[in-house]
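Trainee: Chain by chain, the residues run as shown.
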Amino acid sequence: MGRKLLLDKAHIEGIRYFDVYRKNGGYAAAEKALKSMSPDQVTEEVKKSGLRGRGGAGFPTGLKWSFLAKPEGVPRYLVCNADESEPGTFKDRYLMEFLPHLLIEGLLISSYALGANTTYIYIRGEYAWIPDILEAAIAEAHKNGFLGKNILGTGFDLEIYVQRGAGAYICGEETALIESLEGKRGNPRIKPPFPAVKGLYQCPTVVNNVETLAAIVPIINIGGDEYVKYGTGKSTGTKLISACGNLNKPGVYEIEMNISVEEFIYSDEYCGGIPNGKRLKACIPGGSSVPIVPANLLLTTAKGEKRMMTYESLNDGGFATGTMMGSGGFIVLDEDQCVVRHTLSLARFYHHESCGQCSPCREGTGWMEKVLKNIEHGKGKMSDIDLLWDIQRKIEGNTICPLGDAAAWPVAAAIRHFRDEFEWHVLNPDEAQRRNFGLAHYADPLPVAAAV
Amino acid sequence: MAVQFSEEKLNKVKEIIARYPDGKQKSALIPVLHLAQESFGGWLSADTMDYVAGLLRIEPIEVYEVATFYSMFNLQPVGKYLFEVCQTGPCMLRGSDDIIHYIKEKLGIKVGETTADGLFTLKTVECLGACGYAPMMQLGKFYKEHLTKEKVDQIIAECRAQANN
Ligand SMILES: Cc1cc2nc3c(=O)[nH]c(=O)nc-3n(C[C@H](O)[C@H](O)[C@H](O)COP(=O)(O)O)c2cc1C
Ligand code: SF4
Ligand code: FES
Chain A
269 MGRKLLLDKA HIEGIRYFDV YRKNGGYAAA EKALKSMSPD QVTEEVKKSG
319 LRGRGGAGFP TGLKWSFLAK PEGVPRYLVC NADESEPGTF KDRYLMEFLP
369 HLLIEGLLIS SYALGANTTY IYIRGEYAWI PDILEAAIAE AHKNGFLGKN
419 ILGTGFDLEI YVQRGAGAYI CGEETALIES LEGKRGNPRI KPPFPAVKGL
469 YQCPTVVNNV ETLAAIVPII NIGGDEYVKY GTGKSTGTKL ISACGNLNKP
519 GVYEIEMNIS VEEFIYSDEY CGGIPNGKRL KACIPGGSSV PIVPANLLLT
569 TAKGEKRMMT YESLNDGGFA TGTMMGSGGF IVLDEDQCVV RHTLSLARFY
619 HHESCGQCSP CREGTGWMEK VLKNIEHGKG KMSDIDLLWD IQRKIEGNTI
669 CPLGDAAAWP VAAAIRHFRD EFEWHVLNPD EAQRRNFGLA HYADPLPVAA
719 AV
Chain B
175 MAVQFSEEKL NKVKEIIARY PDGKQKSALI PVLHLAQESF GGWLSADTMD
225 YVAGLLRIEP IEVYEVATFY SMFNLQPVGK YLFEVCQTGP CMLRGSDDII
275 HYIKEKLGIK VGETTADGLF TLKTVECLGA CGYAPMMQLG KFYKEHLTKE
325 KVDQIIAECR AQANN
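These protein sequence lines are chains A and B, in that order. Mapping the first sequence onto my numbering, position 219 (from 1) lands on 487, and the numbers just tick up by one. Mapping the second sequence onto my numbering, position 41 (from 1) lands on 215, and the numbers just tick up by one.
Chain A extracted, bound-state conformation (with noise of 0.2 Å):
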């Protein structure tokens, strides 16, 4: 078994309630911090721990806190990103309804931490019965003394408020997220200024994903030293992953980062295989916007290594051979899955949800649908494929914000892996429509792409 940090409480009747929570120790990582650490000193901590934002750049935590600005008299803010709109993804929503103490927990030290008095959590508009789970759990930390005036005597003074989105995925990017919770569009911002110095309200921000800043408690409890000795290398701690698709067990497991990717999706702790006793043909580890990878690639690396699930490990080989842990959103294609029609879907949600600032993104994921769409239903042409790949690279790098990138990387990805599958779509168009699949890759295993 894995060991756990932050659902090993998860199946206790009630932990969802103060008294519960407190009962199985909680709140006591608050209590040390707040009462025996400076705001330094927890900061310094979290940067022994290794632990990289888990909301998909994977940024050090620690780091990205030691950045923020603190010039006198001006307020600083720490806002949760609880947006949690990329495709594969359910984690945070996960830990927000079953134990929303301990994410208010890691956001009392993270912004005793950080020197904020105020906190919002940013929550997409989708999710419109959890802002009453989290702000129940809020009102009692308030009247058991966790919150509001003069913290456990301390004289640190700490509201949070719930902030509901209103469907865009572009709102879980940092900048966007600031826009949208000015009561605006969310149209990301241009870089620099980063918000660790000129954010909300144009006050030094930080912006953190709910899974990380739900580990700081772990951390601040066990001590970063400990927490390091979890996971492997550069993959410090334990990471959720959201696992969909075609599984036989999917869900949220917790896992420390140190299992193969083939036991993530084979064995009975995890994922228990495939349904229906079909073979593998693709997956998506981190969330849409990180690349496809075949089967024997996502088994093991291009050097012929075991593909573990660490941030080092599935990025092994870049983007030729390689993909991401991104956000965590693991994504199984079986046998029967067609990969234009899902590069197709995604390709859909990307431009859907361009905000449009930028023409490259706005245009190119609009390109991208209507070059897929034909080809998906039997009028495409060879050329088509090439010229998918060239707006992809016109896209990529060109854009203000990431999302022109995560539009791009998913089609490139598609392409290089699986260009027979495009061509053959074009060939056959008749019983492309009829079967709504192409060429399966399990059986044998693809020659490594080269790098293109």
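Because the hints were derived from the structure by calculation, they are not lab data. Incorrect hints may appear among the rest.
Computed footprint of chain B on chain A; a stretch qualifies when at least three of its residues, placed anywhere within it, have a C-beta under 8 Å from a C-beta of chain B [what the hints assert, rightly or not]:
#	segment
1	429-442
2	452-462
3	512-525
A few chain A residues facing chain B, derived, Cβ under 10 Å [as the list claims (entries may be wrong)]:
#	residue
4	A396
5	L449
6	I599
7	L614
8	C623
Source: prediction; values computed, not measured. Built from N, CA and C at the ideal position, the CB exists for glycine as well.
Fit chain B with the ligands to the known structure of chain A by using the hints.
Mentor: Quick look at chain B with the ligands alone, frame taken from chain A:
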């Protein structure tokens, strides 16, 4: 019907505005629009948006800008029950296309339409963060997950029964 929040809802608006620093009441816009949509028939008319602008002391255009950006705000009337079925990749892998097709047939409407009795509207939406419990849809405040044809039948029957009460 003049657009006007109840006393209780006006207090809620005040409470929401108080979450933000002085002069930053515009931050309350999205939460107040949610409240308005729930209170005034499930959509935002021009009158409703103007009313919200007045409450927050901002220009109506600032409200329109926001209302048109976010997909959860309905700018046209919708049925009493809004079926928002997820169609993104992970749900598609688990058969969301079949579910959408089934609902269309069963209700005799296309995506984006409302049934003649004004009860049901069908919309397709992008990933709602329930991919592991697919196929799924949002119905009002909650999610309906692990959808099957039988489950869709049951949901429709329940809505009809509730509407007749
Ligand atoms: C288009 C886009 C969508 C994003 N969506 C989310 C999201 O839903 N949740 C999240 O935590 N981070 C999201 N991010 C990443 C955030 O911008 C930011 O890096 C993150 O919240 C930082 O938190 P972390 O360091 O704790 O990971 C998104 C980024 C982009 C470009
Ligand atoms: S890349 Fe796309 S989503 Fe990001 S700012 Fe540009 S248009 Fe908007
Ligand atoms: S893809 Fe449907 S909920 Fe995520």
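Trainee: Indicate, hint by hint, whether the structure satisfies it.
Mentor: Taking the hints in turn, this is what the structure says about them:
{"no.": "1", "hint": "429-442", "result": "holds (count 8)"}
{"no.": "2", "hint": "452-462", "result": "holds (count 3)"}
{"no.": "3", "hint": "512-525", "result": "holds (count 6)"}
{"no.": "4", "hint": "A396", "result": "4 Å, holds"}
{"no.": "5", "hint": "L449", "result": "6 Å, holds"}
{"no.": "6", "hint": "I599", "result": "5 Å, holds"}
{"no.": "7", "hint": "L614", "result": "5 Å, holds"}
{"no.": "8", "hint": "C623", "result": "8 Å, holds"}
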